[in-house]
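Asker: Dock chain Y against the given chain V, drawing on the hints supplied.
There are 2 protein chains.
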Amino acid sequence: MSDTAAELDRNPEDDLGLSPDFVRTVVDRIDAGDAPAVRKLTADLHPSDLAELIELLRPDERRTLVAILGPDFDLVALSELDEGLRDELLSHIGPGRVAEALADLDTDDAVYLLEDMGAEEQRELLNRMPEEERTQIERSLEYDEDSAGRLMQRDIVVVPPHWSVGQTIDHMRESVDLPETFFEIFVVDEAFHAIGTVPLSRIMRTKRPVKISDIMDMDQTLIPAAMDQEEVAYQFEKYNLVSAAVVDEEERLVGMVTVDDVVEVIQEEAGEDIRRLAGVGDEALTDTVIQTARSRFPWLFANLFTAAIAAIVISAFGVSIEKMVTLAILMPVVAALAGNAGTQTMTVTVRAMATRDLVEFNVRRVISREVLVAFLNGIIFAILMGIGVGFIFGDWQLSGVIAVSMVITLGFAGLSGILIPLALDRAGADPAISSSVFLIALTDAVSFLAFLGLATWLLL
Amino acid sequence: MSDTAAELDRNPEDDLGLSPDFVRTVVDRIDAGDAPAVRKLTADLHPSDLAELIELLRPDERRTLVAILGPDFDLVALSELDEGLRDELLSHIGPGRVAEALADLDTDDAVYLLEDMGAEEQRELLNRMPEEERTQIERSLEYDEDSAGRLMQRDIVVVPPHWSVGQTIDHMRESVDLPETFFEIFVVDEAFHAIGTVPLSRIMRTKRPVKISDIMDMDQTLIPAAMDQEEVAYQFEKYNLVSAAVVDEEERLVGMVTVDDVVEVIQEEAGEDIRRLAGVGDEALTDTVIQTARSRFPWLFANLFTAAIAAIVISAFGVSIEKMVTLAILMPVVAALAGNAGTQTMTVTVRAMATRDLVEFNVRRVISREVLVAFLNGIIFAILMGIGVGFIFGDWQLSGVIAVSMVITLGFAGLSGILIPLALDRAGADPAISSSVFLIALTDAVSFLAFLGLATWLLL
Numbered sequence: 001m002s003d004t005a006a007e008l009d010r011n012p013e014d015d016l017g018l019s020p021d022f023v024r025t026v027v028d029r030i031d032a033g034d035a036p037a038v039r040k041l042t043a044d045l046h047p048s049d050l051a052e053l054i055e056l057l058r059p060d061e062r063r064t065l066v067a068i069l070g071p072d073f074d075l076v077a078l079s080e081l082d083e084g085l086r087d088e089l090l091s092h093i094g095p096g097r098v099a100e101a102l103a104d105l106d107t108d109d110a111v112y113l114l115e116d117m118g119a120e121e122q123r124e125l126l127n128r129m130p131e132e133e134r135t136q137i138e139r140s141l142e143y144d145e146d147s148a149g150r151l152m153q154r155d156i157v158v159v160p161p162h163w164s165v166g167q168t169i170d171h172m173r174e175s176v177d178l179p180e181t182f183f184e185i186f187v188v189d190e191a192f193h194a195i196g197t198v199p200l201s202r203i204m205r206t207k208r209p210v211k212i213s214d215i216m217d218m219d220q221t222l223i224p225a226a227m228d229q230e231e232v233a234y235q236f237e238k239y240n241l242v243s244a245a246v247v248d249e250e251e252r253l254v255g256m257v258t259v260d261d262v263v264e265v266i267q268e269e270a271g272e273d274i275r276r277l278a279g280v281g282d283e284a285l286t287d288t289v290i291q292t293a294r295s296r297f298p299w300l301f302a303n304l305f306t307a308a309i310a311a312i313v314i315s316a317f318g319v320s321i322e323k324m325v326t327l328a329i330l331m332p333v334v335a336a337l338a339g340n341a342g343t344q345t346m347t348v349t350v351r352a353m354a355t356r357d358l359v360e361f362n363v364r365r366v367i368s369r370e371v372l373v374a375f376l377n378g379i380i381f382a383i384l385m386g387i388g389v390g391f392i393f394g395d396w397q398l399s400g401v402i403a404v405s406m407v408i409t410l411g412f413a414g415l416s417g418i419l420i421p422l423a424l425d426r427a428g429a430d431p432a433i434s435s436s437v438f439l440i441a442l443t444d445a446v447s448f449l450a451f452l453g454l455a456t457w458l459l460l
Numbered sequence: 001m002s003d004t005a006a007e008l009d010r011n012p013e014d015d016l017g018l019s020p021d022f023v024r025t026v027v028d029r030i031d032a033g034d035a036p037a038v039r040k041l042t043a044d045l046h047p048s049d050l051a052e053l054i055e056l057l058r059p060d061e062r063r064t065l066v067a068i069l070g071p072d073f074d075l076v077a078l079s080e081l082d083e084g085l086r087d088e089l090l091s092h093i094g095p096g097r098v099a100e101a102l103a104d105l106d107t108d109d110a111v112y113l114l115e116d117m118g119a120e121e122q123r124e125l126l127n128r129m130p131e132e133e134r135t136q137i138e139r140s141l142e143y144d145e146d147s148a149g150r151l152m153q154r155d156i157v158v159v160p161p162h163w164s165v166g167q168t169i170d171h172m173r174e175s176v177d178l179p180e181t182f183f184e185i186f187v188v189d190e191a192f193h194a195i196g197t198v199p200l201s202r203i204m205r206t207k208r209p210v211k212i213s214d215i216m217d218m219d220q221t222l223i224p225a226a227m228d229q230e231e232v233a234y235q236f237e238k239y240n241l242v243s244a245a246v247v248d249e250e251e252r253l254v255g256m257v258t259v260d261d262v263v264e265v266i267q268e269e270a271g272e273d274i275r276r277l278a279g280v281g282d283e284a285l286t287d288t289v290i291q292t293a294r295s296r297f298p299w300l301f302a303n304l305f306t307a308a309i310a311a312i313v314i315s316a317f318g319v320s321i322e323k324m325v326t327l328a329i330l331m332p333v334v335a336a337l338a339g340n341a342g343t344q345t346m347t348v349t350v351r352a353m354a355t356r357d358l359v360e361f362n363v364r365r366v367i368s369r370e371v372l373v374a375f376l377n378g379i380i381f382a383i384l385m386g387i388g389v390g391f392i393f394g395d396w397q398l399s400g401v402i403a404v405s406m407v408i409t410l411g412f413a414g415l416s417g418i419l420i421p422l423a424l425d426r427a428g429a430d431p432a433i434s435s436s437v438f439l440i441a442l443t444d445a446v447s448f449l450a451f452l453g454l455a456t457w458l459l460l
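Listed in order, the protein sequences are those of chains V and Y. The first sequence begins at 1 in the numbering used here and counts up one residue at a time. The second sequence begins at 1 in the numbering used here and counts up one residue at a time.
Okay, chain V solo, but in the shape it has when bound (with noise of 0.2 Å):
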């Protein structure tokens, strides 16, 4: 049985990552406590397979594992885990072995196991390390969460100027202490300031006298310890950057960052502003239902207090809505179409925002073409909510209310959608994430007193 089960194939053409029947039978194994067939089956596993694996198991499954695999557990599988997995998985695995499994990791990675740490669970596997690596590994600390100081690898390969290709060559032929991979050497002065770099590639089709002078770029996009992961991601993608220096408050070359840790961080951002467009908290698939339902609950209590402005301003026309019935069964197509047009402004704007798209110098023109649309789209849908009410109710005054109503709140909607944004950026706020409480409780409320109070004044 467990023979058979180790040749199903983990990865079929047709499926990426790992394929249903492979989960199964591992499921079914570890059901079973069958530990040499849970050993045979997971031991070629990449570690981010290995980590996919973890993620589909149940809690107790996920420790039945653990335990199964014992001291082959390849801990590097933990740092592609989500956060409340990882920090789980971690008090499962004794402090000894988790120590020694950082000290072999490069900085960058241990610094992401350790982040979340609490602060004795940190210090203790920190006293446990080498001197060196816990050294470095609590200097990449000091830096702010979200850094490119936390985001960087320590280990670096740095010459001086005036070494050859070929001396530079028999350096790296003789470090034991460079990182797994990396893809240009950093061009020192004697003060450590970073003043070029060489990518390997052209180190590799240069013969060896050519000094390291004559063939490196001083064109170097510097990336300081302090900047934010956002804006360093941005860097690597506007300048297609693989690896970069960072560097200290005197330009003194610290690190670098890869563009492989810059991949997670714009993944984990995109994911970031459409999870809380949609006020939904930094949640993953596998938290708890108690999690999860504490974590939308704030989103949901918010509009709570929104919906009610809303039902405020109708409670203020309830005269209206008695004589005219009509008007409660219209006013939540007028309040939906403002709100969804509002949500398009406000979604570009939040993109735009985050892809730097817009800036100081074009934010005038982008509010006026935001409004001209807004307008355009309000006019037209005027048009078609004025003819179809016109010839539903047979009451062309009421058509005429509506398709007014119509052009204000799709016009006040636009507006909102993109100062609402640029108001929380301005306030320093992330601008995605409680654009849409403010938004839509200005929408519905705009739309339920246009269109009530203008009905109110020239219909009855």
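What the hints contain is simulated information worked out from the structure, not anything from laboratory work. Take the hints with a grain of salt, since some may be wrong.
Since the list gives no way to pick out one identical chain from another, each pair is judged satisfied if it fits inside one copy or across any two copies.
[To be verified] Here are the simulated lysine to aspartate or glutamate pairs, EDC-like style, with alpha carbons at most 16 Å apart:
{"id": "1", "residue 1": "K211", "residue 2": "D170"}
{"id": "2", "residue 1": "K207", "residue 2": "D170"}
{"id": "3", "residue 1": "K238", "residue 2": "D82"}
{"id": "4", "residue 1": "K40", "residue 2": "D28"}
{"id": "5", "residue 1": "K238", "residue 2": "D357"}
Answerer: Using the frame of chain V, we list chain Y on its own:
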């Protein structure tokens, strides 16, 4: 004037990209037709910064800038521009110059510039290119849009396994047609099957006589040329790749994808999801007002119909609303909360599908989790709303009705939020593209039906 202007800081530390002052100065000189100053100001701009500058200009200023720069205009900047702008500017630059520039680019960048052109324009440019480059580009263009074949670079370093490190280095020193930068070399057998890779950093650190077969990695990720770019990005992210071999159907090596192109894909796809969820097409800030209004119209139009369904549901309860106008005041609150709870679930689902955290194996578990979360929040908001309505309106029967409606609609919203994107995905559609239309139509209709229906049945 133009001299001090040239000394303006292009990129002060507190600002990423071009400084507003720099942009303003350039615009000022362009508008004044001061060609020498414009040339001086833009002479040392990185192509990415030149592209950023172009995107910030008005259409007439763009044409003036391109005319002023003439043959000094770095065509590499074109590949960093929004699609619409790229095509516009290409038509201003003579085909002779474009063809020349294309031949100098790596195949992936040349394909990127060519793929969106009209067939005739494309033909004309290809005919002007040297045969070798033309054939390579034509072969890449045969692959589907958004496939790995389009993304890949065809100039790669390929060696047989029996070569030594020294032979490999000498080969690279002698080759002329190598890519601008590369990070690994590929090992193939006689039939050109990809059998291994060696990172440059390892070649660099190994002594010349060592055989390639002794240091190559055999566990490489092979990318089929037909693979969709989104799946390519997933592989890169999951396995932290920097470059990967692209193979044809017979697993023969045809090129490589590098991480800089993948970073672009990840940004694009993340932006696509966020825009599609909000019902915005593939628009750019540089699109005109008419283009933008047109791209947003379809979603608003669809929303008109879904809102009409809600209106029909309400109209069925016109008599109830006339009797009890409080219903009209409270019904948008129920609908707003249900819509938001549904959007939360839908966003998490769409995102989890994009990052492949939601797969066949865990789909049932995730569905039940989402429904449980929805019911849990449904019960909490039922209590909150029930108490609030009871005290405000002094009507504890109405309070009971709204509480029960809350549980029903939030539970329903959670279920729809996960089932709609799943169903769209099963049907082969993008789960992001129109989930919201269906979702809000459903949650609105169910909210009004549950609340007004229960109220009519129990209270009137």
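Asker: Each hint needs a verdict: does it hold in this structure or not?
Answerer: Taking the hints in turn, this is what the structure says about them:
1. Taking the shortest Cα distances, K211 and D170 sit within 16 Å of each other inside one copy (14 Å), while across copies they are farther apart (18 Å).
2. In this assembly of identical chains, K207 and D170 lie within 16 Å of each other by CA distance both inside one copy and across copies; the values are 13 Å within and 9 Å between.
3. In this homomeric assembly, K238 and D82 come within 16 Å of each other (Cα to Cα) only across copies, at 13 Å, whereas the closest approach inside a single copy is 28 Å.
4. In the homo-oligomer, the alpha carbons of K40 and D28 lie at most 16 Å apart inside one protomer (14 Å), although the nearest pairing across protomers, at 70 Å, exceeds that limit.
5. In this assembly of identical chains, the alpha carbons of K238 and D357 lie at most 16 Å apart only when taken from the same copy (11 Å versus 28 Å across copies).
Consistency note: the structure conflicts with none of the earlier hints.
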